[in-house]
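Here's the letter readout for the chains.
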Amino acid sequence: MTVQKPPILRVENICKALGGKEILKSVSFSLNKGELKVLIGPSGAGKSTLLQCINFLIPPDKGHVWLEGVEVQSRRKRDLYAFRQQVGMIFQDFNLFDHLNALENVAIALRKVKKMHRPEARDRAVAELEQVGLGDKKHLYPAELSGGQKQRVSIARALAMDPKIMLLDEPTSALDPELIGEVLSVIRDLARGGMTMILATHQIGFTRSLADEVLFMEHGIIIEQGSPEELLSPKACTRSRDFCSRLNDLYTENE
Amino acid sequence: MYEALAAVLEALPYLLKGALATSGIVIGAMGLGLVLGIHMAVGQVFGNFIIRRLIGLYVWFFRGVPVLVLLFLFYFGLFALIGLNLSAFAASTLVLGMTTAAYQSQIFRGAILSLPRGQLQAARALGMSDIKTIVNIILPQALRFSIPGWSNEYSIILKDSALAFVLGTSEIMARSHFVASRTYHYLPLYITAGCLYFFLTWIGVRALLKLEAKVRIPGYSH
Amino acid sequence: MDTAFYSTQLIPALNRGLVMSVKLIIPSGLIGLMLGIVIGTLRTFGHPFIRKAANAYATVFRGTPLVVQLFLLYFGLPNLGIYLDAYTAAVFGFILCSGAYHSEYIRGGLLSIKKGQLLAAQAMGFSMFKTMSSIIVPQALRRALPGCGNEIIYLIKYSSLAYIITCIELTGEGKIIATRTFRYTEVFLVIGFYYLVLVTIASFILQKLEEKFKIPGFGKA
Chain Z
0 MTVQKPPILR VENICKALGG KEILKSVSFS LNKGELKVLI GPSGAGKSTL LQCINFLIPP
60 DKGHVWLEGV EVQSRRKRDL YAFRQQVGMI FQDFNLFDHL NALENVAIAL RKVKKMHRPE
120 ARDRAVAELE QVGLGDKKHL YPAELSGGQK QRVSIARALA MDPKIMLLDE PTSALDPELI
180 GEVLSVIRDL ARGGMTMILA THQIGFTRSL ADEVLFMEHG IIIEQGSPEE LLSPKACTRS
240 RDFCSRLNDL YTENE
Chain S
0 MYEALAAVLE ALPYLLKGAL ATSGIVIGAM GLGLVLGIHM AVGQVFGNFI IRRLIGLYVW
60 FFRGVPVLVL LFLFYFGLFA LIGLNLSAFA ASTLVLGMTT AAYQSQIFRG AILSLPRGQL
120 QAARALGMSD IKTIVNIILP QALRFSIPGW SNEYSIILKD SALAFVLGTS EIMARSHFVA
180 SRTYHYLPLY ITAGCLYFFL TWIGVRALLK LEAKVRIPGY SH
Chain L
0 MDTAFYSTQL IPALNRGLVM SVKLIIPSGL IGLMLGIVIG TLRTFGHPFI RKAANAYATV
60 FRGTPLVVQL FLLYFGLPNL GIYLDAYTAA VFGFILCSGA YHSEYIRGGL LSIKKGQLLA
120 AQAMGFSMFK TMSSIIVPQA LRRALPGCGN EIIYLIKYSS LAYIITCIEL TGEGKIIATR
180 TFRYTEVFLV IGFYYLVLVT IASFILQKLE EKFKIPGFGK A
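Just so you know, the sequences run in chain order Z, S and L. Each step along the first sequence adds one to the number in numbering that gives the first Met the number 0, with nothing skipped, and position 247 is 246. Each step along the second sequence adds one to the number in numbering that gives the first Met the number 0, with nothing skipped, and position 202 is 201. Each step along the third sequence adds one to the number in numbering that gives the first Met the number 0, with nothing skipped, and position 39 is 38.
Take these hints with a grain of salt, some might be off.
What the hints assert, rightly or not - Heads up, simulated BS3-like pairs for lysine-lysine below, C-alpha to C-alpha not over 25 Å straight-line:
1. Z/136 to S/213
2. Z/114 to S/213
3. Z/111 to S/131
4. Z/113 to S/131
5. Z/163 to S/131
6. Z/76 to S/131
It is worth saying that the hints were derived from the structure and are not from the lab.
Excised from the complex, chain Z in its bound form (with noise of 0.2 Å):
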């Protein structure tokens, strides 16, 4: 079942040193479309700075990206806003614009970014928030919702960018055990519709059933990399394996 298709994102060589500290030290991978790579390794890894830089959030210092072929210039405001627009992010934290409802979460940047006109956003957003379950909660500010709630909004918010790729940074290790399940149900289904996704979590059971590829990342490069069973199958003598087993004794596991 191999394809030929170039990647849809490619990222090579991606360093970034913060605070005097290498954080990444060459760091290099593809994506192709529908594939849902999972990024796994212990704090400090260097997996949240990785994903911040493939959008330039925080500007690596050297590397380079390219989407579907073409290389972001991201010196160049335009064609680097343009670009973050086809890459949606979900972050630890959620994020939601404090002073905005859902629904405004969700149409704002269909407004200020893509110039919709008002009543086409709201429609769009409403109809994002129903397919992550909360369109009865659409008129509530964040500070009214729970944390899983939040951050199911802030994956509807990024979704309705329609985006080509999705980087989701620990989406569920800021949640009170209970609330986890709802939001890896709503990643489950966009793994299962074909979005294509880079996701750092701690959840490997997750991993186990949905990655296409593994990677392992310890102290700013990528160790290991491969498909779940080479990596964290019990039979396997991997660091990923190390790694995993020691976080079962922490974590409950949620699938």
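We have chain Z; now place chains S and L onto it with these hints.
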């Protein structure tokens, strides 16, 4: 005693017209300060090194020199130098406006800096330009949180407006002094003036409290 | 550039005015602060009636312009037979006005002390006086320091108002020369510079004091 009261009552309409002038000065100054202050705050937070330094210089100057000196400097000196012929009323409003802009810029700057970084990141991740982010995400929140500080600044400017009297502006202070020096009822007239200022402060602060309640974000505690 | 003007007329006059300004600022600042500490303490811990009176004082003096207060003292008191000279009226006015603002910051500092501190001290057998001096005051002063320090800086600037009731200090000397020579811009730029120096030095001292008394992590909500 009774003639004092009579003198006050007789002067009241005249004084109230002065209150109108005072209100004009305050509204004009606070308005100018608001517009300038927001721009300076944004410049200080998001601008380059030169812009930050220039704004810092402006703030240092207008916060360090007494208002009285500024009024004299501009009205008798700088405005005349550049050929700007303003009435005492306009000049006082302009100078007070420039002064309060310096203070307001710091209030807004503090509010902007107190917002969580994530608000900025999420807006950028969605592809919003810096200007759109500032206008639609940062300022709506920062301005809400600035209301208490702004209310405080309002009461300060209201009191400073009394200094416009030294330039000859016919506001509360000028009019009270005018009547007092004719009737020699200094004490009751200045007490009346004080009450007028008090009342104007009270109205303004109440209005701003109502505004704060009206724009409050449901459920949110900063 | 007419340096003679500066050296023979302006600077000597301004320095004379500066001396008067300092004579106004120092007593007003010190006594005003002391008054503020007393009133602030009364407003926090006093008998309900005393608290009401103290609050009323603070509200009146913070809610009316300093100019009005100075005029009342200098022009108004004579109506009651009390005649104050310009300097005395000015200092009185500054003390009363400053004191009201200081009392607000002191009160804020005292209120911010958590009740638990008092309970812990009592449980350990501290006397009321010891509790106040060793536990309450050190913390309250640190909290009140920025506010009170800023109020002193305001005093430096508002001392210029003494000129309005004919006490000729820095601003007054300048106005006299400017009116006589019509060199308004130059004179008031120099006066502005004098005040900027005073205020910058005072701010620097305040910053150093705040650093000196800093308790790590204290003051964060």
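Status of each hint after checking the structure:
no., hint, verdict
1, Z/136 to S/213, "22 Å, holds"
2, Z/114 to S/213, "29 Å, violated"
3, Z/111 to S/131, "7 Å, holds"
4, Z/113 to S/131, "12 Å, holds"
5, Z/163 to S/131, "23 Å, holds"
6, Z/76 to S/131, "13 Å, holds"
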